[in-house]
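*Asks:* Here is what each chain is made of, one letter per residue.
Protein chains: 2
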Amino acid sequence: MITPVEHAPKLRARRLRLHTQHEPVVVMRTDCHVCRAEGLSARSQVLLTAGDRQVQATLFQIDSDLIGLDEAALSEAAWSLLGVVEGDLIEVSHPPTLDSLSSVRRRIYGNRLGEAAMAGIVRDVVAGRYTDVHLAAFLTASAAVPLDADETAYLTKAMIEAGDRLTWDAPVVVDKHSVGGLPGNRTTPIVVAIVAAHGLTMPKTSSRAITSPAGTADTMETLTNVDLDLATMRRVVEAEGACLAWGGAVRLSPADDIFIRIERALDIDTEGQLIASVLSKKIATGSTHVVIDIPVGPTAKVRSEDAAVALAARLTETATRFGLTLVCRQSNGDQPVGRGIGPALEAWDVLAVLQTADDAPEDLRRRACALAGAALELGGAVPKGDGEAAAAATLEDGRAWTKFQRICEAQGGLKTPPRAPLQQVLTAPRAGRIVHINNRKIARLAKLSGAPDSKAAGLTMEVRLGHEVAAGQPLVTVHAQTGGELDYALDYAARNLDMIETEA
Amino acid sequence: MITPVEHAPKLRARRLRLHTQHEPVVVMRTDCHVCRAEGLSARSQVLLTAGDRQVQATLFQIDSDLIGLDEAALSEAAWSLLGVVEGDLIEVSHPPTLDSLSSVRRRIYGNRLGEAAMAGIVRDVVAGRYTDVHLAAFLTASAAVPLDADETAYLTKAMIEAGDRLTWDAPVVVDKHSVGGLPGNRTTPIVVAIVAAHGLTMPKTSSRAITSPAGTADTMETLTNVDLDLATMRRVVEAEGACLAWGGAVRLSPADDIFIRIERALDIDTEGQLIASVLSKKIATGSTHVVIDIPVGPTAKVRSEDAAVALAARLTETATRFGLTLVCRQSNGDQPVGRGIGPALEAWDVLAVLQTADDAPEDLRRRACALAGAALELGGAVPKGDGEAAAAATLEDGRAWTKFQRICEAQGGLKTPPRAPLQQVLTAPRAGRIVHINNRKIARLAKLSGAPDSKAAGLTMEVRLGHEVAAGQPLVTVHAQTGGELDYALDYAARNLDMIETEA
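Protein sequences, first through last, are from chains S and G.
For what it's worth, the numbering used here labels the leading residue of the first sequence as 986, then goes sequentially.
For what it's worth, the numbering used here labels the leading residue of the second sequence as 986, then goes sequentially.
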């Protein structure tokens, strides 16, 4: 949507090479003619127009000759969204009134949103017209008074329609998702390899971490290129039946990554947003059959069987509205899965399972087989009841590992995940049996060590529930890429010794 | 609270003269040793320490030699908070974990907050440790599931304790507040002049606009200096018995202005926040007796008598917990008050009433006398029942105008409010009687014309409810300081002709 701007004052584009994460920023002189004519002040939202492209940016003003009087100096986000070259003319104007904000306000005050209102919000979000304050308010309002079934479906639909939508020649397109909250639960790369080895189509796109130390996209990025455009993704899937791509690199439900950035800052992840996030991605990817893993445990995202049943019901109900066949499986969520927690450390676990290494984490292998088995059955590749055994056989005879390597090669080559230069072992203060592991504190510790932004950072778990440990025996190894991050993690660990509880 | 930072890497302070509104920003080279050692990325929050001062800032990174490798380039907000000079050494480190954010998360998920949790949130807010995302989440959560009586009192207490607290020698200290939502309802300067002329103590501090086109501080700023430090405020009150200061210039409930900035961006203003905002300011100012004006009307902030009674009850209940004597008065909120809407335009109305000009707006005069009368009675200056007449007499004989001039002189001199260079009259599309005026749309129009940031911008109302108009007769005059703002307001007016409804 291009709003025509008549007689808007113009400035010359200048690339500032300023990194502001996703936020488009423009820096202009306080005394430039545009600021004066338009009555602009610092942190105003402004509409930048260059040719047929527009972007809404946050204005910062400067009183110094670092920037010329006739210049609009752009952050990298604004520069790439506008697609300008040095010196291009940019029109600067007030952004149009955001009518969808009145829907957000109505939602804050407890009113339900209809289909058109939700579509309007998501359209403006994807167009970059919402500031962080607006985004946080929308997400908080839909957490404080949770989205109902209709709102969840409307949000899902709006998120699908605000992006691209893939179609595949295969009649059955399989997908898989874990609800998360369980550190190290990195089954997806293994499931994809097994399912594709059976000839099913599985064009997998994954998110980066929301509130966890790693998402599948973060882990896969340490193994191969995940930043695939649509054409590359299609070529990989046509050749290998599957891919392992970052969802944000294609425009599938582009609102999702914007919401995720704010949810990550707030460390919240609510049911309605979760359902819309998962299903909008699956439907936009063209999936027809989806297996959902719901880990349940006292410190997992889902804390009781009842809650898991309720979530499964809401997921299934919403999926049905879109003609999607969906099956949910509960799994044990009492402790982290595998050994590694963090992008590269989880990649090493995935490789160990795929390569049937002697020290491969057995819990990760079994979970992946259960999910891959369910997908094989749901997709009609094996008879009902045979799925798990078929999946295990595909790992054991090396077909899954071969398929995984072929997928990575097709995406640009298999890489060796990095190792962190700094490691520090945390030891048991006293002898005893491990009776409780707090997933949330373990995840927090891994994040403080630098994961997921520092790819090699994170933890390796040296114990599991039920293990007997001696005083001074290793519990967890912290991996960090910088001393600052290591100190930060160790400081947290010292204040949270209850994250792994022992009983004499 | 200074967190000791050992061996933190240091950079040289550089003043960037970058205006970012309130947000402390630091710009560092992507390849500088601090970013690399600490694993910092764009938009990380960082803790800057210089001597005994600390500030939490948003990090932007730059790939260019505009900034030196050893420099930390500071926005004006960061520069003044840190109190550094060019070249001073600044330590850069990760900010401490914000424990109070877990309280915000618990509140988002519907749990009530206790006294300690609320105090922790407000302390971190005042210390500048909350990003806009965190602030928006806290305010939205306490709007979506409104603050209860206990939470409101805890928030009020936390806001008082996070700032300074004044004490006065007088046994009775009077204050006054209008709940707002009624454009042009600028009674405060008149009430203060009348009450002080009767010898009562009224050290008035006012906010800037939240969601309206002008707050009392915005209007008073066009008449005199309102940016008074504590010593000046005390000197003015000792000399004249009253002042008319901006609350944000002293550290009275400093959280309030931070919350207000976000509430303004969201255009929300909820009951609990309103009560905590009003009462924390009053109590921190040392007031003992307060009169509250609650305008009621279909498009005012409070829309029904029932809602006004409920708000009055909650205000009174919370005030009582703090030993404050409070009386609420409902007033008619069907239409804007006076003629002007916008900082300077309202100042002209105030001057007209104080100077008993022939064309002084009668509704503004009557409202001010009613409130001043209530304050005179509450403060014991006149017998019960005599207040309004005493107030009117004080205006008529010039004592109020004299007192007002003396207060302004004591604050730095009486100024002439500015006039906007651009004016455009909006006329009646057809003849008829004015039957409805939409306060919200009128306020929105005034804001689009540039108020309150552009002091002279806003509207003058040319009609009132019940007036008969001919087609083409003026309804409203839009005042703007720039062509961009005028166009923007006129565009909105053209799309919202129903803001003033006529009936044939």
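Quick caveat, the hints were computed from the structure, so don't treat them as lab data.
A few of these clues could be false.
Chain copies aren't distinguished; within one or between two, either way the pair holds.
[To be verified] No farther apart than 20 Å at their CA atoms in a straight line, the calculated lysine to aspartate or glutamate pairs in the EDC-like style are these:
| # | residue 1 | residue 2 |
| --- | --- | --- |
| 1 | Lys1426 | Asp1291 |
| 2 | Lys995 | Asp1037 |
| 3 | Lys1400 | Asp1084 |
| 4 | Lys995 | Asp1073 |
*Asks:* Give a verdict on every hint.
*Replies:* Here is how each hint holds up against the structure:
{"no.": "1", "hint": "Lys1426 to Asp1291", "result": "neither (24 Å within a copy, 48 Å between copies)"}
{"no.": "2", "hint": "Lys995 to Asp1037", "result": "within (15 Å within a copy, 45 Å between copies)"}
{"no.": "3", "hint": "Lys1400 to Asp1084", "result": "neither (47 Å within a copy, 39 Å between copies)"}
{"no.": "4", "hint": "Lys995 to Asp1073", "result": "within (10 Å within a copy, 38 Å between copies)"}
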